[in-house]
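Q: Letter by letter, the chains look like this.
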Amino acid sequence: MIRMSESTQSGAGAADARSDRGADRGNVERVLAGDQDAFGLLVERHSRTLFRLAYRMTGNEQDAEEVVQDAFLRAYRKMDRFESRAHFGTWLYRIAVNCALDRMRKRRTEDAHRELPSARADDHTASANRLDSHAADSPAPDRLVLSAEIGARVTLALQTLSPAERVAFVMRHWEGRGIDEISQVLALRASATKNTVFRAVQKLRRALEPLITRDLMDSSPTARAMGATPGSET
Amino acid sequence: MKEIEKKKHLNEEQMIAYRFGEEKDRSGMQAHLADCPECSAQFAALERVLSLLDTPSVPQRDEHYGQRVWRQIAPRLPQRRASTWQFWSARAFPHSWAIAGAMAVLVIAAYVAGRLTPPHRGHSTPGPKQVRERILIVAVGDHLDRSEMVLVELSNAVPNPSNGQSVDISSEQRRAEDLLDDNRLYRQTALESGDATLASVLEELERVLLDVAHSPDRPTPAQFKKIRQRIESQGILFKVRVTGSEMRQREKSAIQAPQENPKVRKGNHT
Chain L
1 MIRMSESTQS GAGAADARSD RGADRGNVER VLAGDQDAFG LLVERHSRTL FRLAYRMTGN
61 EQDAEEVVQD AFLRAYRKMD RFESRAHFGT WLYRIAVNCA LDRMRKRRTE DAHRELPSAR
121 ADDHTASANR LDSHAADSPA PDRLVLSAEI GARVTLALQT LSPAERVAFV MRHWEGRGID
181 EISQVLALRA SATKNTVFRA VQKLRRALEP LITRDLMDSS PTARAMGATP GSET
Chain V
1 MKEIEKKKHL NEEQMIAYRF GEEKDRSGMQ AHLADCPECS AQFAALERVL SLLDTPSVPQ
61 RDEHYGQRVW RQIAPRLPQR RASTWQFWSA RAFPHSWAIA GAMAVLVIAA YVAGRLTPPH
121 RGHSTPGPKQ VRERILIVAV GDHLDRSEMV LVELSNAVPN PSNGQSVDIS SEQRRAEDLL
181 DDNRLYRQTA LESGDATLAS VLEELERVLL DVAHSPDRPT PAQFKKIRQR IESQGILFKV
241 RVTGSEMRQR EKSAIQAPQE NPKVRKGNHT
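Going down the list, the protein sequences come from chains L and V. Using the working numbering, the letters of the first sequence correspond one by one to residues 1 to 234. Using the working numbering, the letters of the second sequence correspond one by one to residues 1 to 270.
Since the hints were derived computationally from the structure, they do not count as laboratory data. Cβ coordinates follow ideal geometry from the N, Cα and C atoms, glycine included. Do not take every clue at face value.
Derived DMTMM-like pairs: lysine to aspartate or glutamate, alpha-carbon spacing no greater than 20 Å straight-line [unchecked claim]:
{"hint": "1", "chain 1": "V", "residue 1": "Lys225", "chain 2": "L", "residue 2": "Glu110"}
{"hint": "2", "chain 1": "L", "residue 1": "Lys106", "chain 2": "V", "residue 2": "Glu177"}
{"hint": "3", "chain 1": "L", "residue 1": "Lys78", "chain 2": "V", "residue 2": "Glu177"}
{"hint": "4", "chain 1": "L", "residue 1": "Lys106", "chain 2": "L", "residue 2": "Glu65"}
{"hint": "5", "chain 1": "L", "residue 1": "Lys203", "chain 2": "V", "residue 2": "Glu47"}
So the derived label-pair ranges between C-beta atoms look like this [said to hold, decoys possible]:
{"hint": "6", "chain 1": "L", "residue 1": "Arg108", "chain 2": "V", "residue 2": "Glu232", "range": "23 to 31 Å"}
{"hint": "7", "chain 1": "L", "residue 1": "Glu61", "chain 2": "V", "residue 2": "Lys226", "range": "28 to 36 Å"}
{"hint": "8", "chain 1": "L", "residue 1": "Leu73", "chain 2": "V", "residue 2": "Glu12", "range": "36 to 44 Å"}
{"hint": "9", "chain 1": "V", "residue 1": "Pro221", "chain 2": "L", "residue 2": "Arg77", "range": "27 to 35 Å"}
{"hint": "10", "chain 1": "V", "residue 1": "Asp35", "chain 2": "L", "residue 2": "Arg21", "range": "42 to 50 Å"}
{"hint": "11", "chain 1": "V", "residue 1": "Asp168", "chain 2": "L", "residue 2": "Arg21", "range": "33 to 41 Å"}
{"hint": "12", "chain 1": "V", "residue 1": "Glu192", "chain 2": "L", "residue 2": "Arg94", "range": "18 to 26 Å"}
Which stretches of chain V does chain L cover? Using the computed rule of at least three CB atoms under 8 Å from a CB of chain L, they are [stated by the list, open to error]:
{"hint": "13", "segment": "12-22"}
{"hint": "14", "segment": "70-77"}
The following block holds chain V by itself, in its conformation from the complex (with noise of 0.2 Å):
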């Protein structure tokens, strides 16, 4: 709204726009509400709405009620496996957490480097770019290998007919939130380094997980469907299936181009 007409009365969604600091201009606005006492009315009763909402308080948790969720929760946890590793460098450095962070952007920044280098042919044995690219490959393979079963039980689920035929997807979504985090970091490294197609089937990817994930984890009939039918109608399994054997391919070749070098390199020399 470039300029408000002083005759002109705002509307509902400008006003609640303007309650929460989203419109843009705000000092227009104002001066509306000064000088339209018919706004300035509905403006008040919006606000008192607003404060109504205010009436039913939190109930209060007194300062030991964490350590309540503590002993319920406790002996839910699953055993976490720590590395050796994971041990020692935890006492050994107190800010390991900036390391590590140095070091996951030091492979995205070689592996992108890596794939915007190019190849140079004379090297006989793999150079550390090619055996992080690998790396990668077997990676986000393994990934799209994980994504395939995923989905293919979640095509394959049937529904429960003693409860409501609904179906359990909780394992499904769990696994879903767990590929999630994965996905991004993949789908960010696939475009950083310039390979589209590959960014472009994780995205999608991407928002069938996320459907998965926020989905109820026994959702009923009608909704289970819609999940088939998002997994269905953009053909994201076969485009997970076409991918992974791909990326399967990108590793063989990637193992055997080293074996071949030396062949390029004697066809070269004679």
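Extracted from the complex, chain L is given alone in its bound form (with noise of 0.2 Å):
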């Protein structure tokens, strides 16, 4: 099942995205002739669906502001390289994703810099450890613990991917991008894409299954009497 793309799913249609797409044109235009405030209009237009993005390839509000500035800054300083034929907000999107993926490397760089390794899975470890307490110490019924935990969980599991297993499934799970276009901005085959795509799936589901049978088992009455949050030896 392929999802439509947020940006495309909230367009009020064909013509919108058409008319859109003509501002966009006009306003590049604009800004080759040296009209710098053309490009504010750009920034505007563009800016909440970049940050949508870059949120899910980062998974925090700084680093997310941060890309989307770079993309907007590098995509000015590229400006004369943009292909006139070419849709401004694709274009825009990809210069967007190099970011991301950039500020993913460098701060998978600068964590290991700043902790051993296994000092870091102790932490996730010791995170993971402490939701559980969490989980297991509040009244059972608590949905709101839970989906508070699980929020935390998925934060944790998408950490455990690679920038580039990140990239490709927000790309292909959230943005719902074909495999053609992310390998255009991973630089690899079609083939490895779709590795990528599987490694990633498959480490989140081993992150995550746990917390399904948890859930399931602490919905039902009988777990909820007895207090006890199965699961939770995970």
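Using the hints, put the two standalone chains together into the complex.
A: This is how it looks when you write it as structure tokens:
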């Protein structure tokens, strides 16, 4: 099942999309003619879409904000290379994906410098344990706690992906982009890109499947009555 | 997978491929999932995991977010120097994108046609074809010179001991990004004109430039070593140098050719 990207979904129709493209094209021309304010209009139009993408890629607001700014600055510098036949939004999207990829790699390198890999793994386990004990201490029927826990677990699971795996997964699952487009961004062959998506899903599945089992058991009346949290041994 | 046997269970890879619409035998998979309770349960578990991933929602940004981003980046934008032609053409020709595109296609087509057409020895003055070819030779030569400089700088970069021996390659990275677009265009043109040697060198160069452009701007010593190894193992620097000097040679020949032609003509007459 291929999802449509949210930017496409939110469009009010093909006519609007065409008019948006026309407006983008006009603004690009004005930028190339030296009108910097026209670039401001492009920034205003595309910032929110880029932020959503950057947040999904990086997983935190600060990095996402920086990716958005980097992407626009890079786009401005490369504006004379923009091919007139292309859609500005698509071109900008690719620049943003590359900026996010760079940011994730940089972050990973910084993290690797800051802490030993074993310490990092310990930290992840500790976070998971903290979440487990938090859930266990909380009243069993409190779905909010469970939901917050799921959110935190998902965030942790996504952090275990390599930058390429995360890009491939975000583009395929959330953005509904095709394998060819992802291959171009990652400079990989289609088969290698499919493998990258596969590896990402496999990792996420390993990390999150215990939660599903627990969620199902938690919701059973017997488990609630006993105040047990089955699956917390994971 | 031509036909899925009823008894053989689907593996994880097949299920994921099916989930993302990449499995060719979709109807076979569908039938199997309907028939096999085990696979069906496994697939449902996969679906549940994927649905969990929608739990952490993306923080919302209000409608003024774009304006805030603009205020933050506007002071950091480099000054663009628009040529007078660009300034007036943007106003005078509302469809200049189409015109520019058509012109680019014409130039490339003319170049390709020029490469495929046998040379006429009788002309003493360079025709538009030769002029265009000369311009392209000069452009590719310049491009190779600029690429060579980036590769040399990367090869000679010194790690910074005060910063964990990391190397700041952000400037080379920006230049590599800029070079990539040109490289693609020249490689395409070389391919179309049947210049396989040049196309192959440009292809190798493109891979290295891509590597550089996609690396972190401050790679770790290990990452930087990999970039260097990539440059050295393929001998790309040497190939770029040789091809660059070949281009300069071709450029010289192209300049001399019109002067030599009258002699050739004279020789033909005697």
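Q: All hints, please: hold or fail.
A: These are the hints, each one checked on the structure:
1. V:Lys225 - L:Glu110: holds, 17 Å
2. L:Lys106 - V:Glu177: holds, 18 Å
3. L:Lys78 - V:Glu177: holds, 9 Å
4. L:Lys106 - L:Glu65: Holds, because 15 Å separates the two Cα atoms, which is no more than 20 Å.
5. L:Lys203 - V:Glu47: holds, 14 Å
6. L:Arg108 - V:Glu232: 23 to 31 Å: holds, 25 Å
7. L:Glu61 - V:Lys226: 28 to 36 Å: holds, 31 Å
8. L:Leu73 - V:Glu12: 36 to 44 Å: holds, 41 Å
9. V:Pro221 - L:Arg77: 27 to 35 Å: Check passed, 28 Å falls within 27 to 35 Å.
10. V:Asp35 - L:Arg21: 42 to 50 Å: holds, 47 Å
11. V:Asp168 - L:Arg21: 33 to 41 Å: At 38 Å between Cβs, range holds.
12. V:Glu192 - L:Arg94: 18 to 26 Å: Because 25 Å falls inside the window, the suggested range holds.
13. 12-22: holds (count 8)
14. 70-77: Holds: 6 residues of the segment 70-77 of chain V have a Cβ under 8 Å from chain L.
Hint violations for this structure: none, all hints satisfied.
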